[in-house]
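Got chain R; can you put chain B on it based on the hints?
One line per chain: the protein sequences are R and B, in this order. The opening residue of the first sequence carries number 71 in our numbering; numbering runs sequentially from there. The opening residue of the second sequence carries number 12 in our numbering; numbering runs sequentially from there.
Hints should not be assumed to be uniformly reliable.
[To be verified] No farther apart than 25 Å at their CA atoms in a straight line, the calculated lysine-lysine pairs in the DSS-like style are these:
no.	chain 1	residue 1	chain 2	residue 2
1	R	K221	R	K379
2	B	K307	R	K133
3	B	K33	R	K133
4	B	K149	B	K220
5	R	K117	B	K74
6	R	K221	R	K203
7	R	K330	B	K74
8	R	K133	B	K175
9	B	K91	R	K133
10	B	K175	B	K162
If you're looking for bench data, these hints aren't it; they were derived computationally from the structure. This structure is a prediction, so every number in the text was calculated from the model and none was measured.
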Amino acid sequence: MPALAQRLGAAPVAATVAMTVRARALRAAGAEVIPLTIGEPDFATPKHAIEAAYKAALAGQTKYPPQDGTPALKEAVQRKFRRENGLDFALDQIMVGNGGKQVIYDAIMATVDPGDEVVIPRPCWTAYPLMTKLAGGVPVSVNCPENNGFKLRAEDLEAAITGRTKLLVLNLPNNPTGAACTKAELGEIAAVIRAHPRLWVIADDMYEHLVYDEDFALVTLAAAAPDLAERIVTVSGVSKTYAMTGWRIGFAGGPRALIKAMVNMQGQVTAGVSTVGQAAAVAALDGPQDLVAERRAIYRRRRDMVVKKLNEASGITCRKPEGAFYVYPNIGGCIGRTSEGGRKIETDQDFAMALLEEQHVASVHGAGFGMSPYLRISYATDEAALTEACRRIAAFTAGLR
Amino acid sequence: MHLTASRLDRINPSQTIAIATKARTLQAAGRDVISLSAGEPDFDTPENIKRAAIRAIEAGETKYTDVAGTRALRQAVADKFRRDSGLDYRPEEIIVSTGGKQVIFNAMLATIDPGDEAVIPSPCWVSYPDIVSLAEGKPILVPCSQNHGFKLRAEDLEAAITPKTKWFLLNNPCNPTGAAYSAADLRPICDVLLRHPDVWVFTDDIYEKLVYDGFRPATIVEVEPKLRARTITMNGCSKAYAMTGWRIGFAGAPVEMIKAMDKLQSQSTTNASSISQAAALEALNGPQDSIPGMVKIYNERRDLVVSMLNAAPGITCHRPEGAFYVYPAIHGCIGKTSRRGVKIADDESLVTALLEEEGVAVVHGAAFMYPGHFRVSYATGTDLLREACTRIQRFCQSLS
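Isolated chain R, as found in the complex:
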């Protein structure tokens, strides 16, 4: 076979995907695996979004869409940003992609030249550093320690910025930790960004509607620091808020020149986005929002239950995060021990693999997100399965010698 390109060496299979594949294989072999791995809601897409998709298909909205999104969806996104985030974008400052992932890919490919540095707080979604490498850039990690609530500290950000830094990626609420910053904390981060006028920022707000405590109000960076708006691209989508992962609809608002460059980039990768999906997204954004609140209450109950149960398991401590549908328990107390099945637990990967093999609970090890020794547990699964999974995790850690 003729050779593959060197850039591919920069793109290993995502850690989350590898675990999913193994879990699928075990299940195919008859095991009752509880998957706590995947980042998608277990709820159904709202009915009114589905009906809008029907209508669009039957009305013949099946032709090439404009590459930056249909006018109807861009207008709905414009209203969403105004209503929910207090951000005011003109229509040529908005674009639609095949999922938030593509929007972020577009933004990274449109800003990062070979050798440019991209500051990525970690733990982080694996896609950010991988996309950076695909663009020839250099990911620069900044640790967000557990004792700071897994949040980025302004002084750590300042120390990470060099003359080659092109981009900062903020993901709040965060995948995998669920951490989200208060307005005051964001203000400190904004002050650092303000001092570095050549820095672009991606604010990935995909989980913005999944925050749980009444005394916590989520603010996006461009709203907290409007003077920086010319350098911020704000990304969100319908996948997590409206349980529409399979539809592949994400969007962004940002400075006109950058949005134009992102559309240009996307034009070379996929052109536009499924028209039927775009019609569904309009209905989701413009339609009744009560399902969002109902589901938030369910996620909240699950979060509280999972955090409590995990803290009861020996060798595990689990911080209660502000949002998303993940918790990121510390398994430091289990390292160096041996499982009932005789597996030595030297790393969080050993833990996750042994837990999968012996108790059939699939999770993702923290190393996949750049911070060990932790696990990422997704609670986008029904409460019965979650309860059973927590029971199995406790049994697993109780069996460690």
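Using the frame of chain R, we list chain B on its own:
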């Protein structure tokens, strides 16, 4: 520091979109404009396919799928390749992407290192050279003249291949010329490729079903199975089933290549829309009776457009085998002046004057890396086509 990444400077703004935008602007201003610039069928997606999508939504198929597509769709694609071309692909050797374009993007990014060359017959869809450039490769265009039916000659391919050649890309039937290759046409091309074992082959067969007068297009691996280990066979639903807006393309390739493309796709978009995948499954596995009807209409339109354009002074129009385009030469118009005093210096000035003076939008040949022609899409209602061709005739007659 430059505002945006330098890779974007390697992409040309789409001239097809520029023309379409200009036509829409004129229309919005109240002008009577007929657009022959579209690259998509004017038919609607067949009803059974739309219904299948609706059933999938109702069944809750609204979650992430495998990056490479659902197992069922990959099996259906494998079956399609076997049924239509006698190709033998396993589902593991299939990837489903967000449009055929993403397959091309994945393939080029997965293989091209800076300086690698990709041989592309021209005229061509401009995305091929753009994507190659984006991957830091060098597009090598090989002109295919109207005298040879816009088909690539084996000796020209042989002369274009160097030690730096990584790819040969073939679009069969071709956008913008409509030229299509039979098994006999492909044989000498395959013989050249057999002599260059380090060259990957990409065959974009997206217009496969749109061929006329009983012509049968062949695909590379069908003609030369020995090339299978380094060929990507690409196809999709957009043109055959009028499904452009659903964004489903797919390919068969050796499993290592599929894995490489899967990796890249998992970093850019993940899976194609789950609903669109369900629609594509019905398109491939369901009744195929919508296709002959569409093909019959396209066939009649092609014949109409070719004969009317050949009756316009200064224009010669080849009758191609497939797609829904013709690519007339305008050499007899060059150097003349339009009624409103516009000098026709090249294809671009001709299409601009034609749009402004007669309200007909076509795309100039330079947009397909091959000037001296323009592209007419006949994916438009037959009456409108007749009127548009009458206007083109009138425009050409008025040149002095």
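So which of those numbered hints doesn't the model satisfy? 4, 7 and 8
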